[in-house]
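Colleague: In case you want the letters, here they are:
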Amino acid sequence: MFEYALSVMIFLPILAGLALVLFPLRGQVARTVGLIVSIVILFMGIEMFIGFTGTSGMEYVQNTPWIESLGINYALGVDGISLLVLMAAAILYPLVFFVFDTRTKGFYGNLLIAQGAMIGAICATDMVLFYVFWEIMLLPIFFMIGLYGGANRLAATLKITIYTIAGSLLMLAALVYVGVSYHQQFGKWTFDIVQLSALDLGGGYAVLAFIMFMIAFAIKTPLFPFHTWLPDAYTEAPTSATFVLSAIMAKIGVYGIIRFVVPVFEIEFARFAMLLSLAGVVGMIYCGIAAISQKDMKRLMAFSSASHMGIIALGVFCMNVQALTGTLFQIAAHATSTGVLFLFVGLLEQRMKSREIGDLGGIAYRAPIFATFFAIAMLASVGLPGTNGFIGEFLIILGALKFSPFIAVLAGTTLIIGVCYMLWMFQRVFFEKTNEKTAEFQDLTAKEMLSFLPVILLILAMGIFPQAFIKKIEPAASQQVAKLFAMSQAQVADTAVPVSDQNNHKN
Amino acid sequence: MQDFVSLLPLIVVGAGAILLMLLAAFEKLEVETGALISMVFYGAAFFIQLVVGGGPQDVIFDKIFNGMLATSNFSMAAGLVIFGCGFFTSMSCHSYFGVNKFCTLDFYAIKMFSVCGMVLLTMAQELVTAFIALEIMSLGIYILVGYDRTRLTATEAILKYLMLGAFAGAFFTMGAALIYGGAGSTKFVAISQFIAANPAGQPLLIGGAFFIFIAIFFKIAAFPFHAWVVDVYDGASAPVTGFMATALKAAVFALFANFIALSSGFHGQWIDFLFWVAVLTMFGGNLVAIGQSNIKRMLAASGIVHSGYLLIALVAINAEQFTGSVIGYYLAAYAVGTLGMFAAMSYLGGSGEKRVNFDDFKGLAKVRPYSAAAITVFLLSMAGIPPTAGFMGKFYIITSAISAGQMALAVLGVVSSILSMWYYLRLVISMYFHDASESFETQGAPLATISTFVLVVFVFAIGLYPIVI
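Sequences listed follow chains A and B, in order.
Once you know that position 108 of the first sequence is 108 in UniProt numbering, the rest is easy, because the numbers rise by one and skip nothing.
Once you know that position 355 of the second sequence is 355 in UniProt numbering, the rest is easy, because the numbers rise by one and skip nothing.
Chain A extracted, bound-state conformation (with noise of 0.2 Å):
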């Protein structure tokens, strides 16, 4: 039964989606169905951590021919790279479902299909499939915002509409001539990412395709620059729809780099990682500082989130094990934290009718659990040692500093800056004065505590046993490194890229 376990996390969502967009329900149904679903998918997703096995190979392969004429066929598979992404996709939705109850079923639909889309897109291990889920993932993103978001949901929802699309059609010109140069070379057509990477691209064309997949998935990320559609997207969009972006979507372009840009272009990675890097640090620094200065709760989340997604690529540019692994842990580890930090701030905006920060205060003494809970996943976001963003930022940067010292310092001490903002803010809401509003704040209800406790303890569970999730992701990271390296150091003598012996001792 297990076999099609993946073709079931992908369609069930979209139909119970689709149905409930289409067929006339009352949002209460749509609500019960969308919880039941999502319930579904998590034991599904747990059931397929556990008997995951990370010997670093596909599991769970599922492949039949769709357009043969091209190569092209319907294959899913999850390997390590995949697994704990996938988890996020999985793990988090009933969260959704469970806390905020007062939308129509329009959204409770478009809410499944983004995360139908989002799962396919993780597990498609073919080109055109990604691309078509890809794709698909965005429209649900559209309306929810357009339909449901704030007062200037109109210029957010085109920003980010075209922002994405630019990208991915970029893409797929992209991802068309990867297929071409392969047919030209081994006379077949495929688009299989597996088949792909023995491909030996070379020349101007290839270094014009690796930049235009490099832009699509920069934009999906963000990544410095392309990050201006993301402070405007998540603080227009409702609730649910930031945490769908920040807590899962964000990670599919960082997992899209390592699952098909590095195996196709592995010169040009090499060539441009330094840079990039560079990139994903400045973007750190900048949205951090950003951070500090906003007033609005929800936006200040925004830049913190963009700039956790800083570290989290860079960590993929140093080519090394470890930050690959701890960008891979650290993809979990922050869908955890800062998709509940979202949620918080969607409860607390639905409490107080505001999330200006100068609004409220005090809050702590009304509410002792809820600050509790906030705190916690606030610490794990900005890394404290016990909860799994340590884990994950202590990766990162220590594969930093085996790739350049100088990178790894500015990313060690941004991280300050995470911090800085991250406890001001946690000072001036939850503490100092209250005032006639906050002192009428209600705690979380029984419900509300016993749908997050479980997220909590896994930020938790995680920051203090990595093990059991790093060892099923650790085999596929080491795999794919050392055929990055295989690759770029052949062809490209003269680029400083640390030796791979270094892989075998780990932490």
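Bear in mind the hints are in silico, worked out from the structure with no lab data behind them.
A quick note: this is a predicted structure, and the numbers were derived from the prediction, not measured.
Be aware that a few hints might be false.
[Claimed, not checked] Restricting the straight-line Cα-Cα distance to at most 25 Å, the calculated cross-link-like pairs of lysine-lysine (BS3-like) are:
#, chain 1, residue 1, chain 2, residue 2
1, A, 159, B, 160
2, A, 437, A, 447
3, A, 295, A, 433
4, A, 353, A, 295
5, A, 159, B, 362
6, A, 295, A, 402
[Said to hold, decoys possible] Chain B is faced by these chain A residues, among others (derived, beta-carbon under 8 Å):
#, residue
7, 70
8, 131
9, 132
10, 146
11, 147
12, 151
13, 162
14, 165
15, 169
16, 170
17, 282
We put the beta carbon where it would ideally sit given N, CA and C, even for glycine.
Since the structure of chain A is provided, determine the placement of chain B on it from the hints.
Modeller: Quick look at chain B alone, frame taken from chain A:
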């Protein structure tokens, strides 16, 4: 016998047209019946075409009527697209003319005659035949464009279209004459053999081909002969516009591809020229489309852009083993999306086409969610978002361009489709993100509505199971 079989679909439609002409003499016969009768004949012709051309072989009858015509899988596919367009346009007309009462039975007869011309055009292998077919098709379309004699815009449209169309026809004959003078034959095969034997550029041939290209560029609305499109599409009634945008384009592109592909000498010489025409057509069309506030005008301008994409495929065709699969597929994908849009416009437009602007469709999703969803699907298909037919079409075109080494053209095509997102999304935003100010009541028979939703299914079916001919 081959002659007869290959022409059978055409004969069926022609017979239907004559039957309708005769029936038009009976005053009691309803106009709606005409739509139904024509649908039957289109359906029959489509079916016969499918049976005759459905085999696996590439070339079906290579020399019929003494080499004047030939049917290949490509011409058969183009014919299928044309019959399909005729069928769905009749469905839209049925509802449209239920509200706008200026139609007579002759309308459907003329439409069928022009379909005959189009199908003949897809098979033409010789310049004089092509010219005759082109004129049969155009004469019908002229009348259809100006059918509503009381409307000023329709009169303007027919005047513009007729004058410019006559010029284009003149250029075509001129070109044919020059080519005959140079090559000594009007058959494509003989011309191609002549060019192969005399590789040095013959002034007569170059001039002749140039004139023929002008005529074809005019018909497909390629830069710099695209200016008429916006006014003519706007003036014609919605179903007719849809018919022109799809069937006519399919027929002329089939001729163009046959003409260019058969003479590989031509293709080699004109490729740089076509490259620039394709680029300018795409960007010129986008510039026109971005400024429009009327949906029909926007669709007209986006039709120019799609002609540009098809020209990319023409630049990239491989003259040695031409199957035309990319062009055929794109024509089908484009036809499904555009026909769907115009079918929806036909029943949502109301009497006298009172709803044609972006603003008129504000809040449609709140009142008629299914219609708005259907229009969104068509727009996404035209924009090339998966999993629709338009995406696969664009994918094939980019693949063929890059395979032919035209990386620059592929990238420019992609940039152009980024630009086009703006005006497609604009309509979606109008429909979904604004509140409704009216109730979008529609009267009349539901055939256009049915055809809209059938076409939605087609958009996904063609997109998910792309059958490459």
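Colleague: Indicate, hint by hint, whether the structure satisfies it.
Modeller: Status of each hint after checking the structure:
In summary, the hint linking residue 159(A) to residue 160(B) is not supported, as the alpha carbons are separated by about 39 Å, beyond the 25 Å threshold. With a CA separation close to 24 Å, the supplied pair residue 437(A) and residue 447(A) stays within the 25 Å bound. Annotation: proposed proximity of residue 295(A) to residue 433(A) holds, straight-line Cα distance about 17 Å (limit 25 Å). Restraint check for residue 353(A) and residue 295(A): the C-alpha separation of about 15 Å stays at or below 25 Å, so the hint holds.
Of the pairs offered as hints, the one joining residue 159(A) and residue 362(B) holds, with about 20 Å between alpha carbons and a cut-off of 25 Å not exceeded. The suggested pairing of residue 295(A) with residue 402(A) is violated, with an alpha-carbon distance near 38 Å, which exceeds 25 Å. Interface restraint check for residue 70(A): the shortest CB-CB distance to chain B comes to about 7 Å, inside 8 Å, so the restraint holds. Taking 8 Å as the C-beta cut-off, the interface hint given for residue 131(A) holds, the closest approach to chain B being about 7 Å.
The beta carbon of residue 132(A) comes within 4 Å of a beta carbon in chain B, closer than 8 Å, and the hint placing it at the interface holds. Taken as an interface hint, residue 146(A) checks out: its beta carbon lies about 5 Å from the nearest beta carbon of chain B, inside 8 Å. A distance limit of 8 Å between C-beta atoms decides the matter here; for residue 147(A) the minimum to chain B is near 6 Å, and the interface restraint holds. Look at residue 151(A): its Cβ only gets to about 13 Å from chain B, farther than 8 Å, so that hint breaks.
Hint on residue 162(A) holds. Least Cβ distance to chain B is approximately 6 Å, under the 8 Å limit. A hinted interface residue such as residue 165(A) counts as satisfied when its beta carbon comes closer than 8 Å to some beta carbon of chain B; here the least separation is about 5 Å, so the hint holds. A cut of 8 Å between beta carbons decides the hint on residue 169(A): the least distance to chain B is about 5 Å, and the hint holds. Annotation: residue 170(A) was flagged as interfacial toward chain B, and the flag holds, the nearest CB pair being 6 Å apart, inside 8 Å.
A cut of 8 Å between beta carbons decides the hint on residue 282(A): the least distance to chain B is about 26 Å, and the hint is violated.
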